[in-house]
Amino acid sequence: MRNSFLKILVLALIIAILGVLSIYSSTFQKEGAWQDIHLRQMLWLAIGLACFFAMANFNYRKLWDANYFIYGVALFFLLLVFGLGIIRLGAQRWLKFAWFNFQPSEFAKLAIIIFLARYFSRKSVNDISLSSGKFGIFRGIILPFIFVAIPMFLIIEQPDLGSGLMLMLVFVCLLYLTNVRLRYIFTLLVTLILPLPFLWHFLHDYQKQRLLVFLNPNIDPLGAGYTIIQSRIAIGSGGFWGRGWLSGTQSQLYFLPESHTDFIFATFSEQWGFLGSCLLILMYYLIIRQGFIIAQRTQDAFGRLLAYGISLLLALQVFINIAMNMGLAPVVGLPLPLMSYGGSSVLVTFIALGILVNIDRTRNVF
Amino acid sequence: MERKNILNLMVILFFSILLLGLFRLDILQGAKFRKQSDSNCIRLIAQFGARGDILDRNGEVIVDSKISYDVMILPQELSHVDQVISRVSRILGYSVNELKTAFKKNYISNSVPVTVATNIDLKKAIMLGEYKVEEPSVIVQPKPLRHYPYGSLAAHTIGYVNQIDRWRLTKLEDYGYKTKDIVGFGGVEEKYDYYLRQEEGGLSVEVNHRGKFMRVLGFQAPVNGKDVQLTLDLRIQKIVEESLNNKNGSVVMMNPQNGEILALASYPNFNPSVFVNNRTSLISGLFNNPDAPLINRAISSSYPPASVFKLIVSIAALELKKINTSTNYLCQGSTMVGARRFSCWDVHGTEDIFQAIAHSCDVFFYKVGLLVGPQNIHDYAQRLGFGKNVGFELPYETAGFIPSPLWRKLNKFKSWYDGDTANLTIGQGDCLVTPLQATNMTAVFANGGYLLNPYIVKSVGGLDFSAKKKKFTALNLKKNTLAVILKGMRRVVTDSNGTANILSTLPVAVAGKTGTAQVSGKINHGWFVGFFPFEKPKYVICVFLEHGGSGHAAVAVTKQIIEAMSQQKLI
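Listed in order, the protein sequences are those of chains A and B.
Residue numbering for the first sequence is 1 to 366, as defined by the working numbering.
Residue numbering for the second sequence is 1 to 571, as defined by the working numbering.
Extracted from the complex, chain A is given alone in its bound form (with noise of 0.2 Å):
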């Protein structure tokens, strides 16, 4: 029982140093400001772990009747970026707090996956059973779909498509592991799916470029293009075992742009290597089984949506986010969990994390 917190605990830290390493790395020769950032990602690495202690041992049961709170308080705060937020690389993502800035958004993923997981483990009045068994379409797809698109369109009109994009990939994953019939969810993916190529007019132009860009980098090498090229010279240039730490050009002379954030694991590929980054994508996936694995030995219906809620959150954005690195994947604005600079990721990633390890510790309760 002890055994999935000590091993999600320890990859999650190897991880979250290993994302330390390379911010310090991307960012030592720069001048000011820049020379502390590492300290900081250290502060909110010490934060993090202080709520994943917290909710490691907080029952996460409590959440099942703060839900709609935690809801209510989600949408309070993507509504506050709208009035109040900072705008920082043309995108109004952040709350500026006493000392930091805060993204709403990371924290409204997490929110959802609660919400979801709660409304799809309802049980029916009459008998036991799950009630999301005998949900209609409306019930079943359409009332939780307006519930996920409003924090989704309040986040893609940051703007900021990626984590938009990532509610709807975790709701409809979600869908597909309850009870819902797959005659709904796919009739919900068709209506998706078919209104997109309308849906490009609503896009915005650096959006549909960066779609067009994915499509081939090097109709734009020098501005759409140019962060997608220098990311895969920075992690092909890494060869087998890579330039060091500390060193490697492609990070360390600028050329890859968002080295600290998005790209980090470009910047972690080129001093680490093939070999290096091998392993931090087979540490990603331990951590993610790990979830997957208190999702099935746990009794309790909510406890395991959430469990698979919160390994699927974290599965779509490594992936994603290594994909983009890679150029298999259009550039969205996505952080790598864990390994990103940013207070908001590192904390909402760890408080899942304690929520997982919770889940586990407490799966016998009922």
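Everything labelled a hint here was simulated from the structure, so no lab data went into it.
There's no promise every hint is true.
DSSO-like cross-link-like pairs, simulated, lysine-lysine; straight-line CA separation at most 27 Å [stated by the list, open to error]: (1) B/K66 x B/K191; (2) A/K62 x B/K4; (3) B/K226 x B/K180; (4) B/K388 x B/K468; (5) B/K132 x B/K4; (6) B/K105 x B/K132; (7) B/K4 x A/K123; (8) B/K487 x B/K538; (9) A/K7 x B/K4.
Given chain A's structure and the hints, the job is docking chain B onto it.
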């Protein structure tokens, strides 16, 4: 299968895709990306070595390199550049606009230094060097340029330097030549380019994404080219070119004992420095000039040898015992060969071989030539080095031509007639020789019967080649033959009616032979070949004047040369 298992498999599948993608980037394409990564951040800043000097036999510099300075600006931050340019313009005394135009014209990218001014002098370069301390984006690049202290002197021997052309590049690519390399064209510059050329060195530096200099990765010092020492004597070369005095033609002087070329002049000539400064109008003028100033007339063009060829006929006749010293022919101004009348340039009366050489009597040689026969004349001409390359070091040597009955049959489908033999004996018709071949032939008489291998490069990079270059081919001529012809050649000068009688007033004893080549429709060419001092020959000389009138004009030039040489005590 249960839904959760399918999902689990999906996750494994997707993570495997990541690993495969990583494998492709790192292992399969790793080398390519490594190269791209290097080209992102490594810049080369070239530094030039100096091309080797060309020296004369006494170590006097004929061509060297002079350091000029180029000013370059590394445009790291463009907003900053205007300020730098205005400072540089104040130091150089150039107008700001001028520098800005140059900057705009030469700008390539942020990380490549832009040349804004070239060929500034040392004092300004030092002043800029002081400014560089506070403004490191200013680069003062020393660049050695070819420098010709004597202008056009010995221009054909030296050649010129210019940017490599496509033809040479395809030929020389394998030897490490690159586009935009400066290479030699013509003369020693071309032939010895591989030794003369410098090796480029330079800095390899690391730059960041803005092209800002980060650190020096490596430095390779440029290597200067090797010096080439010629056998030319600069003093004689100067005398020769002054005496030629802007007449079209060529003068070659050689040491008859070893084949060293002491002077080699060709006119019209050119000033090689126009190619250094790339003065396009002057260069195209050189190429379009109908007198072809870039052609080295001493080796690259051939002319009818005229009466100079009579020496060949004399050797053949004496060696084959067709005549002896008592053979006499009567010259009445002309003679019949077959059905055609062949005239002499004068009426000489009864002539023996000595007089015939001295007076250059055509009738005597028509008759001797018919006795010897065209094939023998052709063979002896070849033995004395006509009709084939001398094997000289300078490029673009032509072989000249000596006709023979067989050649005529094969190529012209015509028979050889006695009239053709008569034409050949006086060096007219199809017969063509270069001034260098004529010089080399004359040396045979000066050194007692050895055909030499003329050479002009004494040493390269301090390594003396002359021992290897010296090559004698014994012609095994009879002593008597040589003695007769030498006596005849001496009488060309001493005889009061000798064709080069004006040389008899010189303080040195000269022997030689004149020639006047008839050119249909144009003024005749003038030849003089000879050697001096007669008793112990140190110099062979060949003066050729293209459309210079007659052999007499060539003798006059020879006289000037020898006078000046004896004045400067060079003999």
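Do the hints match the structure? See the list:
no.	hint	result
1	B/K66 x B/K191	holds, 22 Å
2	A/K62 x B/K4	holds, 25 Å
3	B/K226 x B/K180	holds, 21 Å
4	B/K388 x B/K468	holds, 21 Å
5	B/K132 x B/K4	violated, 69 Å
6	B/K105 x B/K132	holds, 23 Å
7	B/K4 x A/K123	holds, 20 Å
8	B/K487 x B/K538	holds, 18 Å
9	A/K7 x B/K4	holds, 22 Å
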